[in-house]
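Asker: The chain contents come next:
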Amino acid sequence: MSKIWLIMLISSVSTLLFVNPAGAVEAMLVGSNSALTLAMTLVATYGFWLGFFAVLEKTGIADLISRLLRPVIRFLFGGSSDEAQKYVAMNMSANLLGLGNAATPMGIKAVELLGNNEERANDNVKMLIIISSTSLQLLPSTVISMRIAHHSAFPTAFLLACTVATVCSTLIGVALCKIFAKLGSKNSTGYRKNLGSCHKKANTYAQFIDASPTNSTKLKTSRAQKNE
Amino acid sequence: MSKYVIPIIFLTVLVTAFFRKKDPYSYFVEGSRSALSLMLEVFPYLLTIMMAVEVFKVSGVSGFVANLTAPIFRLMGLPAELSELMLLRPLSGAGSLAVLDDIFATYGADTYIGNCASVIYGSSETIFYVSTIYLSKCKTKKLGYALPVAVFSTVIGCIIGCAVLRIC
Chain A
1 MSKIWLIMLI
11 SSVSTLLFVN
21 PAGAVEAMLV
31 GSNSALTLAM
41 TLVATYGFWL
51 GFFAVLEKTG
61 IADLISRLLR
71 PVIRFLFGGS
81 SDEAQKYVAM
91 NMSANLLGLG
101 NAATPMGIKA
111 VELLGNNEER
121 ANDNVKMLII
131 ISSTSLQLLP
141 STVISMRIAH
151 HSAFPTAFLL
161 ACTVATVCST
171 LIGVALCKIF
181 AKLGSKNSTG
191 YRKNLGSCHK
201 KANTYAQFID
211 ASPTNSTKLK
221 TSRAQKNE
Chain B
1001 MSKYVIPIIF
1011 LTVLVTAFFR
1021 KKDPYSYFVE
1031 GSRSALSLML
1041 EVFPYLLTIM
1051 MAVEVFKVSG
1061 VSGFVANLTA
1071 PIFRLMGLPA
1081 ELSELMLLRP
1091 LSGAGSLAVL
1101 DDIFATYGAD
1111 TYIGNCASVI
1121 YGSSETIFYV
1131 STIYLSKCKT
1141 KKLGYALPVA
1151 VFSTVIGCII
1161 GCAVLRIC
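Which chain is which? The protein sequence lines are A and B, in order. Numbered per the numbering used here, the first sequence spans residues 1 to 228. Numbered per the numbering used here, the second sequence spans residues 1001 to 1168.
Derived from the structure by calculation, the hints contain no laboratory data. Please note that a few of the clues may not be correct.
Unchecked claim - Listed next, the in silico DSBU-like pairs over lysine-lysine satisfying Cα-Cα at most 35 Å (straight line):
id : chain 1 : residue 1 : chain 2 : residue 2
1  : A       : K182      : B       : K1021
2  : B       : K1141     : A       : K58
3  : A       : K58       : B       : K1139
4  : A       : K3        : B       : K1021
5  : A       : K3        : A       : K186
Said to hold, decoys possible - Computed footprint of chain A on chain B, listed as stretches where at least three residues anywhere in the stretch have a Cβ under 8 Å from a Cβ of chain A:
id : region
6  : 1034-1040
7  : 1134-1146
C-beta: ideal position from N, C-alpha, C; glycine also.
Turn these sequences into a full structure, and let the hints steer you where they fit.
Answerer: Structure (C-alpha cells):
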C-alpha cells in the first residue's frame, strides 16, 4: 500500500504543479475533510455494531453462529484459537449480509487475534484479508439502490452475473491462498532441516544460529502452531 | 430479503437476552464504548488514503492511467469505458461510487456497460483500503502474497461476470 500511495501522490502532485498549482493542496484538504466526515459516520456505525455484537456475544448467540460456521472456518483458518474463530465468523457473516462497515470492527479484532502481533502476516491473516477483500457479498445493496436512482428498468438484472463473479473470485482467492501457504510451509521445513544439519556439523555454525535465538524459537512456535 | 434479516436477528437477540435474564442494555453500552478508541486507530489511515485518492482523481492522473490501461482491459474482455472504475475500485469505496454514478449517467444503467459496471462494483471490494484498515490496530504489516492474490482473483471474477452478462 505504501508504494502505491507514494506513486499516486508523486504523480498527481507533479501533474497539478503544471496544470493547476493551487489545486494540489486544496484537493488533499478536500480528501482529508471527507475522511473526517466518513469517520464521524463510521464511529456511529461501529458503535452500533460493536454494541450489537457485545449483546450477541454475552447472550451466547455469537458462539452459536461460530459453531454453525465452524467446519468452514476450521478448514480455512487451521490452528487458530476459538476466540479468533468467533470474530472471523462474525466478520464473515456480516460480509455475507453486505454489511461491510459492521464487518470492519470484527475484522480488525480477528486480525489482532490471528496475527499474534508478529510483523510478518501468517497464513491465517492472509486468508482473512483475501476473503474480505475478494468480497463475499451476496446482495450488493449499494449498486441496486444506485441503479434505482438512475431509473433502471431492471435494477437487479446484473445479480446472477455478479454472484457468479464474486463466488469465483473468492474461490480462486482461497484456492491460491491455500496453495501458496502449502508451498511456503514446505520451504520453511527445508530451511529448518538445513538449520538442524548445521547444528550437528559444526559448532561454529551453531553459535551463529544461537546468536539469534528469537528467530529459531519463532520458527519453532510457528511450526508447532501449523502442526496443531 | 435482507430488509427483514437484520431486524429479525436483532429481535431474536433481544428476546433471547430477556429470557436468559441478561442485561443487554449494559452489554450494548460496553460494546459501543470501544468504537471511539477503534476510530482513533483507524482515522489516520482513513485520512492518509482518502487525501491521496482525492488528489489522484482531481489531478486527472487517474483518468490518464485509465486511458493508458484501457487496451489491457479490452483485451481481457472488459469494456474499456470502465477502466477508471477498475482502477479506483480497490482504493476507495466513495471514489469509485462517484465513478459508477458517472457511468450510469453517461451510458445508462440498463446498457451492457452499465450492467458490467454494476457487476464490477458489486462483486469486488476496496482491496487496499480493507487490508490497511484491518491491519490498523496490530503490528502485523507484511502481507506477502495476500494482496496480489486478492487483486488477481478479483479481476478474474470480473472477467467471468462480464462474460456471463454477454451470454445471458
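Asker: So, against the hints stated earlier in the document, which numbers end up violated here?
Answerer: Hints 1, 4 are the ones this structure does not satisfy, whereas the remaining hints hold.
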